[in-house]
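Residue strings, one per chain:
6 protein chains.
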Amino acid sequence: MLTDQHILPVVRAALTEDAPWGDVTSENLIPASAVATARLVARERGVFSGGDVFAAAMTLTSEAISVTVFLTDGEEFERGAILASVTGPARAVLQAERVALNFVQRMSGIATLTALYVAEVADTRARIVDTRKTTPGLRQFERHAVRSGGGNNHRFSLSDAVMAKDNHLAVLTAGGRNITEALIEVRERLSHTTHLEVEVDRIDQIESVLAAGIDTIMLDNFSLARLREGVAIVAGRAIVEASGSVNLETVGDIARTGVDVISVGALTHSVRSLDLGLDIELDTA
Amino acid sequence: MLTDQHILPVVRAALTEDAPWGDVTSENLIPASAVATARLVARERGVFSGGDVFAAAMTLTSEAISVTVFLTDGEEFERGAILASVTGPARAVLQAERVALNFVQRMSGIATLTALYVAEVADTRARIVDTRKTTPGLRQFERHAVRSGGGNNHRFSLSDAVMAKDNHLAVLTAGGRNITEALIEVRERLSHTTHLEVEVDRIDQIESVLAAGIDTIMLDNFSLARLREGVAIVAGRAIVEASGSVNLETVGDIARTGVDVISVGALTHSVRSLDLGLDIELDTA
Amino acid sequence: MLTDQHILPVVRAALTEDAPWGDVTSENLIPASAVATARLVARERGVFSGGDVFAAAMTLTSEAISVTVFLTDGEEFERGAILASVTGPARAVLQAERVALNFVQRMSGIATLTALYVAEVADTRARIVDTRKTTPGLRQFERHAVRSGGGNNHRFSLSDAVMAKDNHLAVLTAGGRNITEALIEVRERLSHTTHLEVEVDRIDQIESVLAAGIDTIMLDNFSLARLREGVAIVAGRAIVEASGSVNLETVGDIARTGVDVISVGALTHSVRSLDLGLDIELDTA
Amino acid sequence: MLTDQHILPVVRAALTEDAPWGDVTSENLIPASAVATARLVARERGVFSGGDVFAAAMTLTSEAISVTVFLTDGEEFERGAILASVTGPARAVLQAERVALNFVQRMSGIATLTALYVAEVADTRARIVDTRKTTPGLRQFERHAVRSGGGNNHRFSLSDAVMAKDNHLAVLTAGGRNITEALIEVRERLSHTTHLEVEVDRIDQIESVLAAGIDTIMLDNFSLARLREGVAIVAGRAIVEASGSVNLETVGDIARTGVDVISVGALTHSVRSLDLGLDIELDTA
Amino acid sequence: MLTDQHILPVVRAALTEDAPWGDVTSENLIPASAVATARLVARERGVFSGGDVFAAAMTLTSEAISVTVFLTDGEEFERGAILASVTGPARAVLQAERVALNFVQRMSGIATLTALYVAEVADTRARIVDTRKTTPGLRQFERHAVRSGGGNNHRFSLSDAVMAKDNHLAVLTAGGRNITEALIEVRERLSHTTHLEVEVDRIDQIESVLAAGIDTIMLDNFSLARLREGVAIVAGRAIVEASGSVNLETVGDIARTGVDVISVGALTHSVRSLDLGLDIELDTA
Amino acid sequence: MLTDQHILPVVRAALTEDAPWGDVTSENLIPASAVATARLVARERGVFSGGDVFAAAMTLTSEAISVTVFLTDGEEFERGAILASVTGPARAVLQAERVALNFVQRMSGIATLTALYVAEVADTRARIVDTRKTTPGLRQFERHAVRSGGGNNHRFSLSDAVMAKDNHLAVLTAGGRNITEALIEVRERLSHTTHLEVEVDRIDQIESVLAAGIDTIMLDNFSLARLREGVAIVAGRAIVEASGSVNLETVGDIARTGVDVISVGALTHSVRSLDLGLDIELDTA
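In the order they appear, the protein sequences are chains W, L, H, E, Y and G.
With my numbering as the guide, the letters of the first sequence map in order to residues 15 to 299.
With my numbering as the guide, the letters of the second sequence map in order to residues 15 to 299.
With my numbering as the guide, the letters of the third sequence map in order to residues 15 to 299.
With my numbering as the guide, the letters of the fourth sequence map in order to residues 15 to 299.
With my numbering as the guide, the letters of the fifth sequence map in order to residues 15 to 299.
With my numbering as the guide, the letters of the sixth sequence map in order to residues 15 to 299.
Take these hints with a grain of salt, some might be off.
What the hints assert, rightly or not - Computed from the model, here is a short list of chain H residues facing chain E with C-beta under 10 Å:
(1) Val25
(2) Gly94
(3) Arg146
(4) Lys147
(5) Leu197
(6) Val285
Claimed, not checked - Pair ranges (Cβ atoms, derived):
(7) H/Thr194 with L/Asp218: 34 to 40 Å
(8) E/Arg240 with G/Thr298: 44 to 50 Å
(9) H/Ala133 with W/Thr101: 38 to 44 Å
(10) W/Glu92 with H/Thr194: 53 to 59 Å
(11) G/Ser237 with W/Ile247: 39 to 45 Å
(12) G/Ile96 with L/Ala27: 38 to 44 Å
(13) E/Thr101 with W/Thr101: 41 to 47 Å
(14) L/Ala27 with W/Asp137: 37 to 43 Å
(15) H/Arg203 with L/Asp18: 17 to 23 Å
(16) G/Glu202 with W/Arg191: 34 to 40 Å
(17) G/Ile96 with L/Ala78: 26 to 32 Å
(18) H/Glu202 with L/Arg251: 56 to 62 Å
(19) E/Ala249 with H/Thr82: 32 to 38 Å
(20) H/Asp293 with L/Ala188: 40 to 46 Å
Honestly, the hints are just simulated from the structure, not real lab data.
All residues carry an ideal CB built from backbone N, CA and C; glycine is no exception.
Make the full structure from the sequences, and use the hints.
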């Protein structure tokens, strides 16, 4: 969940970045008494995410701003929809506008893209999950946006789950050591609550890895045929994750191989901001 | 310029975000004595940006890592090019990998896109500039990436230049007030070093705005014909900026109207990470 | 503008500096239930600045303190005038007293001094501006105080405007390079919103510098006669700033040479705190 | 003592304040390879303070700058004396110049003023001490400067010593309570290491206050005759501090009344920066 | 006094430590609308401390939580007593529970232990004080807890009082220097408000140390007989502190030797959390 | 792993807490040139933990201090053993002493206690793990100390694993809902890497909870007989954790029931600092 604990410091830093010593335009052109009413309008259709963040950008700029967000994160909207309304001192609303939009446009962009992936796998057992390819400093926000789009999250960070990749396996088996034994020994050292996921590149690695009692096996860059074969071999003894060459064209077929999890870096590593705008009316009377 | 003053705190925060209490995988699977050598490889062609940031992600993870970056920010490279090399403790290199890539992929993505825009206006007087539609927390990095791609920067923030838009002009002229006088009065209140830019929507606004002695006039969403007309009217009395409906197809024609500055939100509001990878070899001997 | 964004962290740090682990005097000598009413009284005449800062020092110490500031920043007052009133828990009022006074005394001292300079140039076109000779950590506060006194601000920092001084010009023209061309090339690299000011020491530098299309020319340590000559040469093609040997005796004559801007380091580099006091009455009933 | 623990964060913040996103002048006008050598020169005589702070402003801007400070804090110097030398990248030296000077000029200004007060009381038992009327955020620096000038420090903050003033005494004796008993009870609650100082306005308060076994008695705004009388009554049973109406004309006579401590708010509440300059030579070869 | 200034940042950091990106249990198992009512119950008897800290852990987690603390810090309670009640969103109450308990259990543990020591010296002139053997980061909290238990505090830190131990004395008297003169010279350099305490190991050191006019003499690891002898020699000329081998069995006898202060490291260096629990009832209707 | 990323900020804060404006004793009694050599000596036997933290307290106080730690964390030592040696400026060593000891004494105290528990279960399959009953702000340090003593860690925080307790189960099954279905639905919402642990109070809850495919089942406050029965029912389908009434007398019998994990709050909620001391020799020659 995205809570104030996460939202406030990031939004506050963004506001300071955008106005380190005030908004010289508003301060010099807009009377302190002017009032603005504004509407957040969708200039294209999509899935909403970031309502609380949008509101925080406004209210952290001025406690005198009030914001009503009309959609819950995760709701779909059509072009032209009014997503939120804002009222408050015109100087503050104008100052907050760009930062508020920067957040909600990116988050809604991620949610909208995620929803497209989720729709492609709708009739399968597969879940769409994000990766660690997030924007530095915004992981909480982007993971939330993925959930808004109907996706799930992978591990949050390097600290909370083990993901053993080819390099790690090469080290574990250096000197001809047995991979099963090596992984069992790793498990001994881990907290019993730490998830153990292992990535394999070949079908013949699966049995020896499963024998160590791991939690998830990732089949990396497997063809559809090999994915199907892998799922059959695992046979429910671990969660199966597919990774690599996932895009909107391929994801449906990948899901239909029977895998449990499909991780998609593109959800966050290449974000298109959704086209949302703020229609503002000023009252200086 | 992107200096350590800006790089270090942001990269440090990103590393903490990605490993709040260490990398449980490396710590439990890789011997402390293992050494990694790695190469940053281009999986597609592009323009490089973020060499210092990539290096910082490595060396902030461990002072024992040494990094050599082979390209200067702004250099072009082909697919397959080796952009940098890294040597150091394997645990640390593996821990830093994703964060280092997240930065350099995004920055090089921005530089590469900017260079495409710059190429389109190469034979004109126009400069390509960014906007405030940057990723919250990464403005310094993204502005640097724009410069790496041959672009220029617009104002850094709300604090360092005035940009009077339609809403501001409406307030200034409320009650039938003369816009020229109103802008002259604004100028009186500003520091003499503060740039004064005014956005207009119509040709007939130009003269009265120029009469106030402003620095830049922005012609917002003007057709090509109107842009040409506007440039002729201004006649060198102010810098002319074009904005709105700018993309790789339109930017060349816009530039050929004779404007001085073209601002492009897409440079930073919708970033595709460039495909760069880290090829790692471990030595546990 | 001085907003809460700037005021609160600085005042909070000052309060912590002055009471890192509480006020042992108030805590041990004053009952928790005692109430104080206090008045901020002028013990000499002056120009007020820092009302919000004074109030913040009180309310950050205790939310139960209420403050009414009777003057707007920039207003003049006579000796004996009551500038503000304070009511709240006696412990907190006594704890906040010194910090609140330290701020408002310094800021009003700067405003009062600035007003003296401004009065001397009242009948001229010249504006009085501050410099970067401010107290480390308090630049926002001191620039605000200068404005309270009727002055204007120079560039905020090294980041937001170029000021080319003798050392810079020497570098630009090393090897006999043409100064006009060198400055034009600099301008190319700058954001179009960045102000370009150049300092000259001699009359004969003016033309070649102006030819580059700079924004402001600073005539450094020019005699009155030379200032007059310089103003005539510039003839409105750039803003003219005078600097050096400016004090209350000389500033009027300097202004009457026709310069646009006079920068005065003394506004902030040597501050006399204005004599303001807090008259406190305690009620322990 | 002023250690790196105190110096570094304050100087770092000051550098950021003065160049939040770099020095656009140096970056655009000075080649990265240019080297500067500079000398800190006294343009008037004084007492030195802030050598480490001056050096930190340089080296925090660039580790490639080397600084040699020729004087120890507290040493006197004549006009024209060379106080320190600096060598390093020209961009960095120029960027650091103003902040480095802002610190050392203020600190040396305080030290020089303090030394004047100390000289006036040279042949007496009195020590000159500072007050809490320091610049917010710079207390450590200003207390150090006072010591550089031969003065001593009063309590650091509200947390480390009790100072009971008229308001406190009024509360303690409300309802006709005996002041001696009240103070004894206060002492019971204090840490045995907390200094207990009491301010009195009248001679007849002295005995009852001393009877409580306090550490220091402050005679506030006493005439010279009354001070002498007070010193005689106290007769060594407590430290005697004089306060109020202290200036360079009066301080000698006050000291000769036999008091132990004279607190002088003017040491820090009204600082004149000493005239120190940086003579820079650039080498771009 | 323990104020919000100290409580809030420490509690906020503790909450972040315990839930860096939320409470996955509450978020996924408890409806957002569920309400919790809870009672803080004593599972053993003791002395209460940390009521404000307990409340802050709750309200910082959610402003919608309301807390009523029934006891004042320092009050005794029996097993089974209800110490506080809490009402608010169930998710937030469950998230805050452990941190809130961690604080109040430790602080009440310290208060309860301190009260045992204080009871042992009830009929003597001695006060029980803490030491600098506190938990890193929690000194303010633990000193407060000691006061809750009826103890007093020693110096807060290395900054606010001098404590000269054997090593320091050895340095002061190196080369046969007279200890009295050396200490007098030290006193000259100190602020007059800085307490000067000297630790001695032998009876024969007492006179020469006292002759310097120190404030407190600490008799370190003296036998009961020697303590009695020491107290007689000092004869009220300084505060006498006993230290070393203090436990609940010995403290009464030590106090009865007539010393003024007994410092007890065990109050904070070895803390047993008191057994307090939170009985929670959820209402999801 | 405890890395510099975690150690440095906490130790730095502790040093500031203990010397906010320097060590007045060292600064005034010890010459700047004096050198100290010191040895960390065990005054009782134990298991070492915190070597890096001890060293950091020294070197963060002064870079001129060098520290050699003779033991690896986790090593046992006898009374009288020399654990580390320190050399450096005497002022700095004396200033750092208490903070360095506070850390290493507590951490070694935890490691030593943990080792006692681990020894009791040596011949069983059970691992000893910590809980979230850690000292606020020191969780990383205390978890490390537990590992030094041969224990394992439970989940790090509320963010990285689900622990469903009685309250949560009550909510899940409100309205007569089936617990198995409810838990399966929870699992759907969780990241696939999030560990799902469920606490039960009664034997008859086990089957329905296991049916949901949970990772760990905690048997809370079960008698030995019931634990044995529970282990038999689970039969390897989940990890079995025992909790409640665990102490050094009971832990062996609990382990012999066949449980996999025993969580022990006492490892960290009630810490006795181990008796380690610093023997210092000063050289002022």
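We went through each hint and held it up to the structure:
1. Because the closest C-beta pair between H/Val25 and chain E is about 8 Å apart, less than 10 Å, the hint holds.
2. Interface restraint check: H/Gly94 against chain E, minimum CB-CB distance 19 Å, threshold 10 Å, status violated.
3. The criterion of a C-beta within 10 Å of any C-beta in chain E is met by H/Arg146, whose closest approach is roughly 5 Å, and the hint holds.
4. For H/Lys147, the shortest C-beta to C-beta distance to chain E is roughly 6 Å, which falls under 10 Å, so the interface hint holds.
5. Given the 10 Å rule on beta carbons, the hint for H/Leu197 holds: about 9 Å separates it from the nearest Cβ of chain E.
6. The restraint placing H/Val285 at the interface with chain E holds, with a minimum CB-CB distance near 7 Å, inside the 10 Å limit.
7. The hinted window of 34 to 40 Å between H/Thr194 and L/Asp218 holds, with their beta carbons roughly 37 Å apart.
8. For the pair E/Arg240 and G/Thr298, the beta carbons lie near 47 Å from each other, so the given range of 44 to 50 Å is met.
9. Under the hint 38 to 44 Å, the C-beta atoms of H/Ala133 and W/Thr101, about 43 Å apart, fit the expected range.
10. For the hinted restraint 53 to 59 Å between W/Glu92 and H/Thr194, the CB-CB distance of approximately 58 Å keeps it satisfied.
11. Checked against the hint of 39 to 45 Å, the pair G/Ser237 and W/Ile247 passes, with Cβ atoms roughly 43 Å apart.
12. Checked against the hint of 38 to 44 Å, the pair G/Ile96 and L/Ala27 passes, with Cβ atoms roughly 40 Å apart.
13. Judged by the Cβ atoms, the range 41 to 47 Å given for E/Thr101 and W/Thr101 is violated: they are separated by roughly 58 Å.
14. Separated by about 41 Å at the C-beta atoms, L/Ala27 and W/Asp137 satisfy the suggested range of 37 to 43 Å.
15. Taking the beta carbon of each, H/Arg203 and L/Asp18 are about 22 Å apart, inside 17 to 23 Å as hinted.
16. Between G/Glu202 and W/Arg191 the C-beta distance comes to about 37 Å, which sits within the given range of 34 to 40 Å.
17. Distance hint for G/Ile96 and L/Ala78: a CB-CB separation of about 29 Å, consistent with the stated range 26 to 32 Å.
18. In this structure the supplied range 56 to 62 Å is violated for H/Glu202 paired with L/Arg251, their Cβ-Cβ distance being about 20 Å.
19. For E/Ala249 and H/Thr82, the hinted distance range of 32 to 38 Å is not satisfied, since their beta carbons lie about 48 Å from each other.
20. The supplied range of 40 to 46 Å is met by H/Asp293 and L/Ala188, whose beta-carbon atoms lie about 45 Å from each other.
Violation of the numbered hints given earlier is confined to hints 2, 13, 18, 19; the remaining hints are satisfied by the structure.
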